[in-house]
Structures are given as structure tokens and as C-alpha cells.
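We have chain A already, so just place chain B on it with the hints.
Keeping their order, the protein sequence lines are chains A and B. All residue numbers for the first sequence refer to numbering that gives the first Met the number 0, where the first residue is 0 and numbers rise by one. All residue numbers for the second sequence refer to numbering that gives the first Met the number 0, where the first residue is 0 and numbers rise by one.
Keep in mind the hints are simulated off the structure, nothing from the lab. All of these numbers come straight from a predicted model, not from anything done at the bench. Virtual Cβ for every residue (Gly too), placed ideally from N, Cα, C. Among the clues, some could well be false.
Which residues of chain A face chain B? A partial, calculated answer using Cβ under 7 Å [what the hints assert, rightly or not]: (1) Ala31; (2) Ala54; (3) Val61; (4) Leu62; (5) Met66; (6) Val73.
Some residues of chain B that are not near chain A, with every Cβ distance over 10 Å (derived) [said to hold, decoys possible]: (7) Arg57; (8) Ile115; (9) Leu213.
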Amino acid sequence: MSPDLWADLAFWACGVVAVLAGAAVFYVDSMARATYALALSFVAVGVVLLLLGQAYLGAVVVLMMVMEMAVMAVYMVMFMGMNPALMPMSMVHSHRAAIGAGVGAFLLLGAGALLVPWPERRGAPDPDVTAALGEATMGSHMLVMVAISPVMVATIVAGVVLSLHRGRYDRGDRP
Amino acid sequence: MPDRIRSALLVPVAETARLLRQRPRRTVEADLLLWRIASSGLLPLAVLMLVLVPWGDRALVSDPVGVVWFNALDVFAWALVWLLGWGANAVYGLVGGYRFLALALGYELPLMFALIAPAVAAESLDLGVIAAAQSGLWYVVWMPVAFLAYCLGVLGMSVRAPLDAAAGADLAGGVLAELSGVDRLLVQAGRYALLVAGAAVAVPLFLGGGAGPLLPGWLWVVLKAGALAWALAAVGSRLPTLRPDRVLQPAWVVLLPLVLLQDLVVAAVVVWG
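Extracted from the complex, chain A is given alone in its bound form (with noise of 0.2 Å):
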């Protein structure tokens, strides 16, 4: 077989398994189970855009998302405040509005994809896609970057700090 029906092979395999582990999160019966299906899931979709071509974004994309559900798993069991090994639980309430808005939201989605009237390719890709999406989001856009980055910061900071009545690192060594 020709290296490009492998890629067009794993492509799809990704993809199902995206939406399998994705559909798995609501399926399992426990908060570790459901984190890491959708991690599984993430992880997919990373190496789909890996086999877009995009190497920097599908590493970014598995890096984040690993690092991002190992931390929120912390924080679903602590805000749940059980054991969801030994007590199962199911991951879903308010059953028919969720169903009714997943099932809008994909008929929304996807009568968008297959509607709209989608351009044609106009030029080629850069030889080197990473330097050129660095360029893109950092090149002119550097001032909002820089402004960005410290607004999102404050924000988790401040957002803990709000939640939180007596940190453990609050030693009581300080005034």
C-alpha cells in the first residue's frame, strides 16, 4: 500500500477514536475514567493535525491537553469530594436538554460544513508551517500577545485566590 492511504488510514482511525473516547466520557461511571477518555480523545485529534502536516500544533495539542486533564481530574474528584472508584456515578444530568443541545448543535455544525461554500485553495503552504504559524500569531500580533498573556494569569491567580479561604502554602509566616 502507498504511504498516503496509510495516512488517509490513520486519519480516520484517529477520528473514530476521537469520537468514540469523546462519547466514552459520558458513557463511563467514574471521574478518572471519564478525564482520561477524553485526554484519549484530545490525543487523537492531536495526531490528526499531525497528520495534516501541522507537526507544532499536533505536539501542542497532546502537551496541553495531557497536562490540562492531569489537573482536572484533581480538581473534578476534589470539588465531588468522593471516591468514584468505589462509589460509581454517572457523568451526565439533565438528560433531554443535553441530548436536545448536542443534537442541535451538531445539525448546526454540520449543515454549516457541508453548506457553506468553502474557498478554493489560493497559493501553497509554507515549506516551514511551524516558523510560519509563529510569525502569524506572534509576528504582528505581538502587542496583543503580550497584553494577553498576563490578563489570563491574573485571572487564574485571582480566581483562586477568591476561592480559597486559607491556602496550604498560607503558613501563617507572614503578615
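Frame of chain A, contents of chain B only:
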């Protein structure tokens, strides 16, 4: 043969044989699927890191974004070690898993910014290009802070002292507490393999790749990686285990700004040097 050397050679063989023959122990209501994924995942993780390393002039997998892939792979240790603690459905393992994430937050950010320094200096994310760019001066010489942060990260991801609280003796082994038989063997082998893989990736990043007199390039990579792995294990095992709740503050307040300064110096050298 002196006793110390003989036992050093025999203990791994005897321990492997013991664990292979050991009857597996199970805990009540263990999440076997996640537990097995975690215990068998560390070793493949180290292998995936090793294929990125250029042996002399070429790597098994030559990746234009090898540095990012190494970073993505070492983040998988977050997931696997936590799942190792979670899967057993037992207190010590779970506490160990949470300890690992607390330490990981501390070592990972300095590690990420440490990886940026060689990439900026070589103007590439390709480990082969980074190794080739050090023909004049090894990066470890003028990026010592980045190298130290990197080494700390390698000790962290392989759960070794001083960042081994997740598997601490005060927790009866923490994430390792309930492991037995082949699962335990795979995890312990995976920890050593991660240490070696981290040391091997440091060779193209900081230690000049395959550069060296007389011997062929691939042999220099093996020698440097072996020496660094040995040094990390030796230095680490002489340090006390750090309390997980006390690591984040110095790691982010002291080490992270130092590594950022290092990146700034490297960027300034690249632009004006």
C-alpha cells in the same frame, strides 16, 4: 570481585526474577484498566523519548519539532503517575499520586522554559540541528541554569530523590505501595528508563550531541547519556526528599525567574552576538 560490585550486578537480576515469579496482589475494587495503563505506560514513554535522540549524525525518528515532542511525552508522566496512584484504589497510592502532581507543577514550568534556551540558541526545535549547532561551545557551558532546571525535571518525571515524595518511604511507597509482580517490575524499570531517556535527550540539548575526539558519534552519545544518568542518580540519592508542599514556592519564585533570565540572556546573545 568486591561484595559491593557483585551485589550491584546481581541485585537487578535477582529482583527481576523475584518480581516475575511473585504472585500478583490485588486491592479491593481497583480500577484495573487505568492501573494497568499506568504501570505499563512508563516504559514505552521512555522508549518514545529515546527514538528522538540523534545518535551521532542521525536519529531513529528525525522530527522537526523534537523538543516539543519531548515536552509532550514528559507531560504524560503526570497522567501515568497519578493514574498509578488512583488505579490501586488505596489511600497511600492516591496520596502519592496527588503528591506527584504537586511536585510536577513545580518542576514542569522551569523545565519547559529550560527547553526553550537551546531551541532559541540553535534557532530550531529539531534535536539534530540543536546538537549540530554546538560545534563551538556546548550549551551547558553558557546555559547552566537551564541545564540545572532540566536535570531537576528529569529527576521529577522519573520520581527520584529529591522529588520522590510520591513514592516516599513515609507513605509505605506511595504510588508503588500496592504494586506487585510484573506490574511493579514494569514501573520500576520505567522509572529507570525515564531517567536514562531524560539524560539521553540532554545530550543533544546541552552536551554537544555526538561531538568528541577519537570515538564515533553514537558512542559519545551513549557515554555522555550514561554519565549524566549516573550523576543524576548519584546526586539525587544523596539529597533528602523534598516536602511536596514546600517545592512549588521556590520552584516558581526563585527557579522560574532565573530560567526566564537565562532565556533572555540566550535570546540577547542570539540577536546581538
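Here's how the hints hold up against the structure:
Look at A:Ala31: its Cβ gets to within about 5 Å of chain B, closer than 7 Å, so that hint holds up. A distance limit of 7 Å between C-beta atoms decides the matter here; for A:Ala54 the minimum to chain B is near 5 Å, and the interface restraint holds. At about 5 Å, the closest approach between the beta carbon of A:Val61 and any beta carbon in chain B falls short of 7 Å, and the interface hint on this residue holds. The closest approach between the C-beta of A:Leu62 and any C-beta of chain B is roughly 4 Å, which is under the 7 Å cut-off, so the hint is satisfied.
The interface hint given for A:Met66 is met, as the beta carbon of that residue sits about 5 Å from the closest beta carbon of chain B, less than 7 Å. Because the beta carbon of A:Val73 sits about 6 Å from the nearest beta carbon in chain B, less than 7 Å, this interface hint is met. Distance check for B:Arg57 against chain A: the nearest CB is about 18 Å away, which clears 10 Å, and the non-interface claim stands. Listed as a non-interface residue, B:Ile115 keeps its Cβ farther than 10 Å from every Cβ of chain A; the least gap is roughly 13 Å.
With a least beta-carbon separation of about 36 Å from chain A, B:Leu213 lies farther than 10 Å from that chain, consistent with its non-interface assignment.
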